[in-house]
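Participant: Once you have looked at the hints, place chains B, C and D on chain A.
Chains as they are written, first to last, in the working numbering: chain A, 1 to 316; chain B, 317 to 656; chain C, 657 to 813; chain D, 814 to 1092.
Hints are computed from structural coordinates only; laboratory data are not their basis. Some hints here could point you the wrong way.
Once the Cα atoms are required to be at most 27 angstroms apart in a straight line, the calculated DSSO-like pairs of lysine-lysine come out as [stated by the list, open to error]:
#	chain 1	residue 1	chain 2	residue 2
1	D	Lys907	B	Lys387
2	C	Lys811	A	Lys307
3	C	Lys811	B	Lys395
4	A	Lys112	B	Lys387
5	C	Lys763	B	Lys388
Here is what each chain is made of, one letter per residue.
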Amino acid sequence: MVGGEDKIREIAGRLLREGEVDLIIGYEKGTLPLRSTPSFIRDQNDLYKLIWDPTCDINLSKYLHGRDEKIGILAKGCDARSIVVCGSEGQIDMGKVVIIGLPCSGVIDRKKIEAEMEGREVLEATFADQSLVIRGEGFEEVLPIKGFMDDSCLSCRHRNPPVYDVLVGEPLPEITGANEYAEVDELESKSAEERWGYFVEEMGSCIRCYSCRNVCPMCYCKECFVDETMPAWFGKTNELTDTIIYHLVRAIHLTGRCVDCGACSRACPMDINLKALTKKAEKIARERFNFEVGLTTEEAPVLGVFKEDDSEEFII
Amino acid sequence: MNHKVIAKDGIREFIDGLIEEYRVFAPVEGKKILRLREISSGEEACLDFYNTKMSSKEALFPQNEVLFTYKKDREAIEKEATSPMKREQVLFGVRPCDAKGVTLTDVFFSSGEHRDQPYLEKRDRTAIVGLACNRPLNTCFCTSTGGSPFGKEGMDLLLVDLGERYLVEILTERGERLLGAAHGLRDATEEDMKLAQRLSNEADNAFSKELPTEGLSERLDGMFEDPIWDTIHQKCVGCGICTFVCPTCWCFDVVDEEKANGAIRIRLWDTCQLPLFTLQGSGFNPRPSGKERLRQRVMHKLNYFPKEFGSLACVGCGRCVRECPVNLDIREIIETIMSM
Amino acid sequence: MKVNAEEKGSKAKKGGNPDDGWEPKIIAFLCNWCSYAGADLAGISRLQYPPNIRVVRVPCSSRVSPYFIIKSLQQGWDGVLVSGCHPGDCHYISGNLVARRRFAVLKDMLDYMGIEPGRVSFSWVSAAEGERFSKVVAEVVEGVKALGPARRLVKVS
Amino acid sequence: MTNPYVPHIAVLRRIITENAMNDIKTFEVEFEDAEAARNFNYKPGQFGMVSYFGAGECPIGIASSPTDERSIEFTIKKVGVVTTALHNSMVGDKIGVRGPYGNGWPIEAMEGHNVLIVGAGFAFTTLRSLAKYILNEDNRGRFGDLTVLYGARNPGELIYKYDLNSWEKRDDIDLILTVDRGDESWTKRVGYVPTILEETSASSENAVAVICGPPIVIRLSMPILTKLGFTPEKTYLSLEMRMKCGIGKCGRCNVGDKFVCQDGPVFSQKELQEMPKEY
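Pulled out of the complex, with its shape left as it was, chain A reads as follows (with noise of 0.2 angstroms):
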């Protein structure tokens, strides 16, 4: 996954220049150690500042809604599994968007990195091949990126993007074996009481900044349900029952079009595990409706159509 950049800042300068795209939107390195930033770039001589290492975590697809300029986009396997649902879903362009498809080993999960630290504050950090090494006052330690990568990436089946238009470096060979559900099915298993408490353990320290929503490229939505006032349905303050429904409703939203690419989690200041319910709707549509989120952009939205033959057990 380390050192693609020279190939991106190739593609991408190819790009710019022979006009096919008029914006290209990447990732550069952030101001803070473990961090990268989004980057826009226009012009030829801001290509060198493109990176591509496993901090590059934020899900670019969210700055594609309301472009009406032609862009090319580096997007990670779940990236453009994100760029297809949006497509599906007329947000987006397709025939304006040039997918510079990224084969990825995996983002790293600050949050593990911040716990293992216990406390000391990392000053730098810097990738070696399959390690990570951070710099503090006064010490200095190398750490496995395997141990500390994201949990969705644990268990990608999808590292290589599922649709492109031009791809960095060969692919890589996809996860398999690997139960991506662990954490949904280790819940599930638990009784109906815990479940409740969990999630309103988890849920009771949320503020309502909306990063998970505003983040999440699934959520454009004109005027989000919590905001709106004739009928207002659910209060707006961070109440207890108000929080865990607007977790739900957005959980219920997403059910057949979240890719699971983590950003709400990592996006989240309070650490809330919003994949336990992400994952969930990702799985109902699975599981319930046979139906793999963002392969192709002729697939109608689960929730959009119906089958004769739909799952009525529930029913009585």
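Facilitator: Chains B, C and D in isolation, oriented as in the chain A frame:
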């Protein structure tokens, strides 16, 4: 002599003493988040930390508070303002940047013809026990916004961690009263004071780079229509984190919620980064996109507020830098503005 | 979805359990063409069924959005029943088929989040099935009564 | 220190439907508590925060004139949650009112001058308050000629018809009414407010202009006013922003470093030229 010293293992006892008389808030290590919470014993307080995830504004200007309730039976409507807090409260272990944030909030909420009584009433009954920063974070820049890791603004007592004892500086008469709950206090010796001064100098020099904020608000005066705003906001996804974690963001929304036989009027945090903040009934929105909204956040903190109240409405705590999901760094914005 | 003050008032005072005479309150969204007519038939045929449901007539089961159901649970209803036409009978051809997917996702999510499965139930009752309607209601009321008053997701403010 | 957010309870005494579309009504309210009534001394152009308990609160311009003894009127258009709740209420219902807030029309600057009032559509509420204030016999002498140009989409949408009729009979006010589209019963002018403003070309000599209306009317009328000689210092507008507190604390109604609820809503065109174009 307003400098005392208390042994480190005496601090829990001091907090327990305070708890008898006051409601005490202190940094508490939640499941994964360090936040200012009300504690029922000194043990719960965590005093070895960089800074809390959310600022101490949580205890004075809670995310949602009921302004008043009203009951509605057939004819009469009686409304009853929320009763003021009975017991005084103490915010223990507040960092200098947060304490300065509190003073800026006080200035704003008591300015103008209409004072914000719900906040000010709580503030008058709140004592702040500060904890100096021996180790500022790489993202902290309080010295660039007129503050300092050993700053005293807004505090009643300032604790300085000297190793196995705390130097306690009494800053107000209320602070002195608080010390009544502490046992085993002794006057600070010359050596204590020298050590504290050394730690203070070390902390001041710990800042990797100084941000150029001299003349920042004057420079912003003519920059409302500057083209930098078109590019600076591009990566912002417009969520509310930067304003909710910020010690100097006090904008709020007011909503009514129905209850069994009446309703309550609630004040809750709001953010200028969301479109609903300025969306009008006619559908017109003076700040339709992220560009205007980011410009408002920067201009209010670094230009509008300083012009009226004389100091930046940013205390350099670095929370918005650390918590932004797309790493939009206000220090970078300040540097860009100053380099224009 | 205005629930009048007394209605909510009585729920707020509840807290009892099945044996001390506590009666669950269940909101039932009945589709106008089939289930509502089925309920009407049950009434005309003098069929007895528990009086715990409060009926809201909707044009079609697909008119019932997840917000109705979740808001009902939040306002303190002990149970929610949504009943529509059998697949193929829908006056609007595919209303119930679209609703079926929506309810499936909602039910899975509510169960996953820890709302007791018996709280929210869905059924197909046609206009001719007065008998079946009374049985469905009895079954739902029994299920909710066993669960006791709703506590989870109820907004107590 | 009293809680500035708690409104006083007021009873709806009279509700008048003002337009054919039945979405603009004038509510006359009377405070339940006499002391609150005494303290509610307002100027034309100020606004109050009107609450419907359970629905919320919104800023509404005070439509009555301070000279109407103790009757306080709010003209409200049915748009959102609170206004709809108010429109569904009846005489005798209780609502909440607090205020008055804002700076109001610059009465002092108008004294000894001719006054041109330009109003369009529903935004005529506080202008009517100003006109009634000037026309009051105790105040009329302090002002020069009064010209009122008021237009609406069609005759049914003209509000305060009862006031307009009485003003037409007076000789100390030059009332110019216009509608965008007339109907068979309409005998007066037909045309957009800016066009009629240009046609009637009121003299700007020793005169102050006051204008309030939808953004399109403002944008088209300002150049005409300037052409007629109304200098930016002598032209005043009332801005409309979203407001929640009305007392300069909730932070949302700012244009630049000015809070529209406290430093406004009335600004001179000169002030507006120096403020950022964010309104």
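Participant: Does each hint hold? Answer for all of them.
Facilitator: These are the hints, each one checked on the structure:
no., hint, verdict
1, D/Lys907 with B/Lys387, "12 angstroms, holds"
2, C/Lys811 with A/Lys307, "36 angstroms, violated"
3, C/Lys811 with B/Lys395, "22 angstroms, holds"
4, A/Lys112 with B/Lys387, "49 angstroms, violated"
5, C/Lys763 with B/Lys388, "37 angstroms, violated"
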